[in-house]
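Residues per chain, in single letters:
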Amino acid sequence: MLQRLSRREALTVGAGAFAAGVGLAAAPARALNDYADQIKNFTGGKTPVEGRVKLELPELAENGNTVPLSIAVDGPMDEGIHVEEILVVAPANPNARVIRFRFSSASVPEASTRIRLADTQDVIAVAKLSDGNFFQASRQIKVTIGGCGG
Amino acid sequence: MAEIKPRIRLDKKDVKKGDTVDVKTLVSHVMETGLRKDASGKPIPRMIINTFTCELNGKFVFGCDLESAVSANPYFDFKFKPTESGTLKFTWVDDEGTRIEATETIKVT
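Chains as they are written, first to last, in my numbering: chain A, 1 to 150; chain B, 1 to 109.
The following block holds chain A by itself, in its conformation from the complex (with noise of 0.2 angstroms):
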């Protein structure tokens, strides 16, 4: 039996199938480099779904030598499923990955750092469960002045 969606719901699976090559709002000078070939290393191939990540970046950058970064998984977790690693990588940079935050069972699913970014790009977080499922979240970031020294 067919079911209306509603908008959320519908933009929920839309979302879902895109998210792969998500929506690259941000045009960066440079050429992007393989981050889609990482986050399917990182997965096996499974494609993450949209969510649950936190992913906290400034809106500008200044200085793209460093860039604060935070991230952070919320949302329930089924008793015993915890969050084991997550990937950030940045599609504009000479390099794709950032950095693999890996997390054990005692840990708050969060970190912050501080990272370098060449250009305006979308930087990626890919977290995996401990259940095998994926999730992610971008966010554009304008960089003004390019710090990975190349």
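One thing to keep in mind: the hints can contain errors.
Footprint (simulated), chain B over chain A, 3 or more residues, beta carbon under 8 angstroms [as the list claims (entries may be wrong)]:
1) 87 to 96
2) 101 to 109
A few chain A positions that, by computed beta-carbon distances, are all more than 10 angstroms from chain B [said to hold, decoys possible]:
3) 62
4) 67
5) 74
6) 75
7) 76
8) 77
9) 79
10) 120
11) 135
12) 139
13) 142
Source of the hints: derived by calculation from the structure; they are not laboratory data.
Backbone N, C-alpha and C fix where the C-beta goes; we use that ideal spot for every residue, glycine too.
With chain A held as given, fit chain B onto it using these hints.
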């Protein structure tokens, strides 16, 4: 190479089971990306810290695999709920295999 002392701050060292401890760590390291060139145009080889690990009594708590896109003087802030008292050991390893280590003690009641 001079001894580099990492800076570690725990928001509490005396905790009750179930409490969350916030840990901030900072280590001095140039994190040379391998993408820069020196004055004569020669590439400067990559030299970065590539791994950070935090263990409690030898058991893994939190860690990361760093790439050259992590900023110089790597900073991490992470949280965990300790289940036992003991020694927190922090280890940073760079591309040459050099290890930087530090420890903190926590008490859990």
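Which numbered hints fail
4
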